[in-house]
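Line order of the protein sequences matches chains V and L.
Under the numbering used here, read the first sequence as residues 25 to 668, first letter to last.
Under the numbering used here, read the second sequence as residues 49 to 252, first letter to last.
Don't read these hints as lab results, they were simulated from the structure.
One or more of the hints may lead you astray.
As the list claims (entries may be wrong) - EDC-like cross-link-like pairs, simulated, lysine to aspartate or glutamate; straight-line CA separation at most 16 Å:
(1) V:K288 with V:E424
(2) V:K369 with V:D395
(3) L:K55 with L:E128
(4) V:K371 with V:E349
(5) V:K240 with V:E256
(6) V:K490 with L:E159
(7) L:K202 with L:E159
(8) L:K156 with V:D395
(9) V:K501 with V:E475
(10) V:K490 with L:E146
(11) V:K491 with L:E146
(12) V:K192 with V:E256
(13) V:K490 with L:E147
(14) V:K425 with V:E280
(15) V:K508 with V:E424
(16) L:K195 with L:E146
(17) V:K405 with V:D395
(18) V:K491 with L:E175
Claimed, not checked - Label-pair restraints from in silico Cβ distances:
(19) L:S157 with V:R472: 31 to 39 Å
(20) L:G193 with V:N400: 24 to 32 Å
(21) V:S289 with L:G65: 40 to 48 Å
(22) V:I248 with L:G193: 52 to 60 Å
Said to hold, decoys possible - Some, not all, of what chain L presents toward chain V, calculated at C-beta under 8 Å:
(23) A111
(24) G112
(25) A117
(26) S118
(27) N150
(28) V152
(29) K153
(30) T180
(31) T182
(32) E183
(33) Y196
Please read these numbers as outputs of a predicted model, since none were measured by experiment.
Backbone N, C-alpha and C define an ideal beta-carbon position, used for all residues, glycine too.
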Amino acid sequence: MMALTPNYFSLRPLRRKSSNSSLRSVNSVSSISSISSIASLSGGLNSLRNKLKGKMKRKRKMCDEECSGKSKRKRHGSFGNITNLSSVVTPGRVKSASGTLTRTNSLRMIRSPTTEFIKPYSGPALTPSKVREHMVWQKTVDPFVLEHMPPALVRRQEAIYELLQGEKELVEDLTLVLKVFHGPMKQLGLVSEGELSLIFGNIEELVSVHQSLVDKLIALQNQIGVYDSVAETVTEWIPTLHCYSAYCSNQIYAKEVFDQISQKSDVADFLERCRASSFSRKLDLWSFLDTPRRRLPKYVLLIKNIVRMTLPTHADKMGLQRAIEGLHTVLSAVDKATGRAKCDKYKSRLVFLQDKHDTTDIQSATSLLCDGPLKNKNGTKVHGLLFDTVFLLTRQLQKEKIHYQVYRTPISVSDIEVEDLPEVRVGGSFKRTFSTTSSGDVSKNFFRVWEGDSQGYTLSVQSGTKKQWIDSILNAKKALSANKMLSPRSLPAVPRLEINSTVGAGNDVTAQNDDVVVPATPTVSRPTSPPLEFITPQAKQPKSRTSSLVDYTPTEEGGKKLREALNVDPCGTPNGPLRTPVSRMSDPGTPTSNQENCLNTINQMTPFSATSPKLMLRTDEHVLRLVMDEAPASSPTLTKTSTV
Amino acid sequence: MTTNSSKYNITVIGAPGVGKSAITLRLLYQEFVDDYEPTKLDSYQTMMDYQGQDVDVQITDTAGQEDYASVRDTFLRSGEGFLCVFSLTDSDSYSHIEELYNQVKLAKSMEPPQLPFLIVGNKSDLESSRQTKTEDAQRFAESLGVKYMETSAKNNENVTEAFQFLIGMLVESRSAETAPIESNTGKKKKKKNGGIKRFLCGLA
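Sequences are here, hints too, so could you generate the full structure?
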């Protein structure tokens with residue numbers, strides 16, 4: 025009997041939860057408690073025991089059914105096994121349960137305030153979380169060295185040390201992600217392998233990239249722990265950051281999958297436990313996964329800081345400038361790839377009511393400039409999507425994922441017209457007729473878009489965002505027409521960024537391998553070609569930050585290269601950087617060096633090619649899509665993936 | 049998720065060089081070691097006191113991401129509260145505010161009373177090179193429907209207050225969400241009315 029009562033105690037809250045409001049259950053509670061009290065008094069009648077056992081069994085079944093959705097782990101083993109139960113409950117709960125157990129059969133305990141057996145994990149009381157200690161170089165070296173070092177030099181050492189320390193911490197964090205999140209989530213089967221590879225992307229590659237900088241920087245320290253020149257090491261290392269293109273563009277999908285799986289109760293429970301544990305410093309998984317992305321643009325700040333601390337006579341002053349340029353190249357490539365991934369994601373979510381709406385403009389779009397909720401004149405909610413080539417009015421459909429149903433004829437950006445409507449009376453004719461006020465409701469949030477002779481659409485926006493929409497549309501049109509005039513022979517829709525980043529990337533290629541012929545930097549210039557005026561209005565708009573397209577402000581060096589490139593007649597170089605994505609897809613035979621470069625980067629994405637291709641196909645078409653879109657068919661890894 | 053109710057996410061945005069990192073650093077480490085001020089910061093978790101209650105706050109510093117729209121924008125959406133910083137000594141960073149504000153509004157599809165957004169004029173210690181008047185900034189913030197504060201990360205003035213204010217907004221907006229059932233039925237009713245109205249309009 026003694027063996028039974030504790031079980032009963034631990035069982036009780038569960039069954040109470042399972043049938044909270046039913047009268048029947050209340051009856052059974054009292055019946056059981058009376059049974060157990062009689063049983064404990066009489067010292068164990070066999071018949072009663074059996075009866076009780078039978079009840080317990082039924083209860084167990086019920087409870088198991090009830091919490092089957094909660095966790096797979098806890099279903100093994102018999103219900104009477106206390107250790108098994110305590111593995112399910114939270115640490116705080118275990119404590120109270122064992123407290124109950126030691127107090128034998130006091131019936132008062134049955135009315136203990138524990139209401140639910142398994143409730144979502146609630147962590148321990150809030151405690152000040154660990155903040156990573158701020159490490160300084162001065163603490164790592166001999167005081168004697170410090171004494172003999174001018175403060176200016178010490179600050180430079182600190183700046184370098186900060187870079188190293190940050191790298192170490194990043195590697196630490198990423199390794200933690202793999203060890204504590206990736207591993208257990210895989211082992212526990214919380215998420216499918218496909219989802220795992222989507223969420224974590226090529227994070228393993230990032231670990232090795234950053235570990236390599238840690239190793240190199242540590243090796244640069246001399247015997248007394250002082251760094252001399254770091255420029256060469258850093259500059260050489262920076263191109264390896266191109267793997268971020270894959271990581272960041274994957275993140276677009278990763279975030280979505282992550283949000284989805286965090287809705288599942290078992291995953292949420294797991295993540296919450298991890299977050300509450302000390303190792304995570306109370307950060308959640310997503311902020312860990314996002315850490316590398318956030319750190320990437322900070323390298324510019326970090327290296328600029330080192331440059332600032334470096335004496336003008338030091339070789340690093342110049343050398344690190346080159347590193348910064350290289351960083352900007354990487355960053356714009358990553359930015360472009362991310363923008364492209366975002367655009368592709370939206371494109372893949374389009375649903376067409378009529379086939380004719382699926383225009384070439386949509387297919388050739390490479391970046392999403394603006395998107396957001398709009399309302400048409402009747403006040404119906406629509407979702408506007410402005411790509412670099414086309415403007416779409418869609419309705420959001422919530423299926424498994426959000427889809428956008430294109431329900432109005434798309435407007436090509438090349439012919440789009442937009443008009444700001446300062447005041448529009450809202451409401452239908454009915455409302456206007458019977459409106460008590462003479463003017464009716466006047467809204468200032470309307471604008472109209474149309475194409476050619478069509479009537480177009482009158483749309484209203486959230487207050488304040490109208491300017492952004494109109495500016496984005498005008499800028500997109502300007503950018504598109506500038507590109508068209510620059511490359512009349514190419515197919516429609518040459519994205520502007522294509523020019524910029526190709527020049528930028530070309531720049532980078534020269535930095536890496538001098539023997540590669542870069543098409544983006546020709547030397548012939550033709551006076552008749554339309555030179556700067558098409559590009560300067562764009563370049564002089566650092567304030568419009570609506571998109572990657574408009575946003576790109578070249579550095580002085582980059583701007584020079586850009587001008588050089590634009591002075592050249594692009595018509596003469598059909599294989600040049602101004603080719604459209606369409607033509608690039610159609611002849612993969614002669615990729616530009618930039619594309620080769622990009623291809624190499626993608627091929628290095630080991631997690632994608634290393635994981636079973638079957639799994640990739642099964643889980644999400646977007647991974648495949650993502651990879652295949654970026655690279656021509658000549659890539660061996662990719663063809664392998666795509667043929668499965 | 050009741051367990052998450054005490055966890056808030058604040059994203060610090062602003063033009064380059066306005067002191068986003070400095071403000072965040074100041075909040076986290078009250079004092080710097082020696083005379084070296086670190087540049088870096090990424091995501092930090094800290095615990096703050098709001099009306100006697102401890103709340104978990106995760107602060108995301110966006111320094112360095114300003115020029116890379118795609119890298120930045122997609123992730124604006126994951127922020128909850130926004131601390132929008134400009135420098136009182138740099139009028140360009142001030143004129144940039146409205147745009148940032150609109151971007152956030154677009155990304156979050158929310159408007160100010162619900163959208164926790166705070167404009168912060170930093171570097172108030174450099175009074176001599178000030179370019180933006182307090183009254184102007186105040187008026188501008190009011191026109192957007194948000195609050196305004198002036199801080200000095202260097203002298204540690206108003207930094208904690210700014211974050212606390214934002215947390216207050218977050219806490220309130222969370223508690224406003226606690227009655228979703230009512231609002232749902234309200235929506236349904238509204239929809240019905242709209243339908244009838246439209247139907248009548250069609251007849252007329």
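* Asked: Does the interface hint hold: is G112 (chain L) within less than 8 Å of chain V, judged Cβ to Cβ?
  -> With Cβ-Cβ at 4 Å, under 8 Å, it holds.
* Go ahead and decide if the range 52 to 60 Å is satisfied by the Cβ distance of I248 (chain V) to G193 (chain L). => Holds, since I248 (chain V) and G193 (chain L) (Cβ atoms, about 58 Å apart) stay within the stated range.
* Asked: Does E146 (chain L) lie within 16 Å of K491 (chain V) when you go C-alpha to C-alpha?
  -> holds (11 Å)
* **Distance restraint between K508 (chain V) and E424 (chain V), which requires alpha-carbon spacing of 16 Å or less** => Violated - the C-alpha atoms of E424 (chain V) and K508 (chain V) are around 39 Å apart, more than 16 Å.
* Does the nearest C-beta of chain V fall within a distance shorter than 8 Å of the C-beta of T182 (chain L)? -> violated (23 Å)
* Supplied contact hint for T180 (chain L), tested at 8 Å Cβ to chain V -> Hint violated; T180 (chain L) Cβ to chain V Cβ min 16 Å, cut 8 Å.
* **Holds or violated: K501 (chain V) to E475 (chain V), with C-alpha atoms at most 16 Å apart** => holds (12 Å)
* Asked: Regarding S289 (chain V) and G65 (chain L), is the given constraint of 40 to 48 Å on their beta-carbon distance met?
  -> holds (45 Å)
* **Holds or violated: K490 (chain V) to E146 (chain L), with C-alpha atoms at most 16 Å apart** => holds (12 Å)
* Asked: Can we keep the A117 (chain L) interface hint, with Cβ of chain V closer than 8 Å?
  -> Holds, about 4 Å.
* Asked: Can V152 (chain L) be said to touch chain V, with a Cβ gap under 8 Å?
  -> Because about 10 Å separates V152 (chain L) from the closest Cβ in chain V, which is outside the 8 Å limit, the hint is violated.
* Asked: For the hint on N150 (chain L), does the least C-beta distance to chain V fall short of 8 Å?
  -> holds (5 Å)
The structure shown violates the earlier hints numbered 4, 7, 12, 15, 18, 19, 28, 30, 31, 32, 33.
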